[in-house]
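Going down the list, the protein sequences come from chains A and B.
The numbering of the first sequence is the numbering used here, which starts it at 1 and goes up by one.
The numbering of the second sequence is the numbering used here, which starts it at 1 and goes up by one.
If you're looking for bench data, these hints aren't it; they were derived computationally from the structure.
For clarity, every value in this text was computed on a predicted model and none was experimentally measured.
In this text, a Cβ means the ideal position worked out from N, Cα and C, and glycines have one as well.
It is possible that some hints are incorrect.
To be verified - Which chain B residues face chain A? A few, computed with CB under 10 Å, are given here:
id	residue
1	D87
2	Q95
3	Q103
Unchecked claim - Here are the computed lysine-lysine pairs in the DSS-like style, where the Cα-Cα straight-line distance is at most 27 Å:
id	chain 1	residue 1	chain 2	residue 2
4	A	K27	B	K127
5	B	K287	B	K256
6	B	K211	B	K233
7	B	K174	B	K214
8	B	K130	A	K27
9	B	K256	B	K233
10	A	K27	B	K139
11	B	K18	B	K62
12	B	K127	B	K139
To be verified - What the simulated footprint calls covered on chain B by chain A, stretch by stretch (three residues with Cβ under 8 Å from a Cβ of chain A suffice, anywhere in the stretch; the number is not a length):
id	region
13	47–54
14	74–81
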Amino acid sequence: MNTNKLDASRQFGLIASQELAASFASKRGLFVTGIFILIWSFLLFYPIRLSAEAMHNPDIGSLMVSLLSLVGLEPLKNWLLAEFAIYWVVALFLFPTFSLLIAADQMISERNRGGLRFLTLRCSRGQIFFGRFIGHLSIQGILLVITLAITYLLLLINNSENWLPGLQLLPLMFLNIMVSVLPFVALMSLLSILMSSVRMASLMAIVILALGSFIINYLAGYIPFLSLLNTWIPGVQLVHMAQSTPSIALMSLWIPLMQTVGFLLIGYGIFRRQEI
Amino acid sequence: MSTLIECRGLNKSYGQKKALKNIDFEIQAGQPIALVGPNGAGKSTLFSILSGYMPATSGQAKILGYPVGSHELIGRIGALPQDALFDPNLTILQQLSFLARLQGFSRQESLAEAERTLDLMQLLSIKNEKITALSHGMKKRVAIAQALMGQPDLVLLDEPTAGLDPENARNIRKQVTELASDITFIVSSHNLAELERMCTQVLHLEEGELKAQKAISGTDFDRDLSTTASSPKVDYLTVRLQQNNTQIINRVQQLKSILKIDNKQADEFIIHYDRQLNPILDQDLLKLLAAESVDYRQITHGQSLEDQLFSSSSH
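Bound conformation, chain A alone (with noise of 0.2 Å):
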């Protein structure tokens, strides 16, 4: 027997890896990471690129500055780092619109063919929930330390001179960009517990970030108490994130981050009871 080797902690990081294993072992994975690698190869390439550039360029810059105003992103003109802030306001809406269609399946297919079940008597359920959402993470998180890099190498070979200031923007980046993500990946943890299939999962994200707001704040026209609400739709800091920038923005992260504990908790609470 094998229990003196049976350790938490390991079994938590094996959930997690082989999540991450799967994940790209599956036609479902790849096709999403291949969607996802195209459409970064684009904007890194051509809008990123093409708009630092111009920023860069006296002549343009100005109605650069101009087409950011009309867009409410004016404060993005005050970045020294021109490939950084198109970047910041890419990212920051693309990551968590991924992990929706990435993060989608933590259980769903598993547990409608019964495979759970040759889990769960190898480890806890808390283990396997938070494993797998660990799991989905991780895969964001190598997904943005790529973009992050081939961002910092196009500042390189735009302002070679900027290379210290870019490097120290990195982690602060990379930390706002990550809990951005949280409350969506949590919040598909809790889908694929609710939900019967993939497809419907998707769906009922999808109508609970669009359409979210919009119920929430006819019912507060009724019963005003009920605008509070409107802090747990996942991405609710989002555009005030964009507006500023990564070091103002760390005082957003307050929001994903209950967020993320709340879905979390429900999530779990459900499937430490649910038949499997």
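Fit chain B to the known structure of chain A by using the hints.
For chain B alone, kept in the frame of chain A given last:
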């Protein structure tokens, strides 16, 4: 022997339907135990509760003294869940070795353990295949292999031979019998002849109720708690003749200690007798058959599990 499973007042409801009704039993570690009952009797529900796949509506189930689902039971129970499938995107070896690692094996040990159990199921050659490339029977044997990984104290096998060809079904029975000295198996199946060969005890469920828990020996005096001290010690001989012969049945009826003879089929009958009155009835019977020149195919001490269950149900 130590108490392996203890269920007290176990109930499970699906909406209005009661799948398990106040189940009470205790099982000691030891020889394989059969779990029998018709479709919808609650066998899979009981397995699912014991395996921690679903919570009971009320009551308590303990394994090795710990409530089902306790951390202490991790790695100590193996199970073949009904209709559970592996990940179609990873190889058999990848998945089994991962499960072994969860049980505490190192990376190297987990590969060896996965290969060991695949070998037990004669599946070593397909270790690098994905589950989608396997037949139904092979998938089931892979699932049995995962249940045997490590050194579990208890293994629950839900319909282990359903859908398997006779050779593989035989191999599984052989493995269960060989491993029974180290592992207590609980096996559910509709194949009563198979259970009779593998198991020494039976739990009989019907409509969610535990109808009986008894030894599979074919004798009355060690199976029914309802048997009183003054009751005759009823024993059985099951006789299968080469061909139908009603006259011999009349002659057998005249032997000492015979209580009743049941005609099971034209060429097969069950003798009910008082063992205290005549402990050597089998020898008397053989002499009678020889004297009457009646050929027989089989004489079995006791009655089949099927006869035990149906006769007890009808009482």
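- [ ] Check each numbered hint from earlier against the structure, then list the numbers of those it violates in ascending order.
- [x] Per hint list: zero violations.
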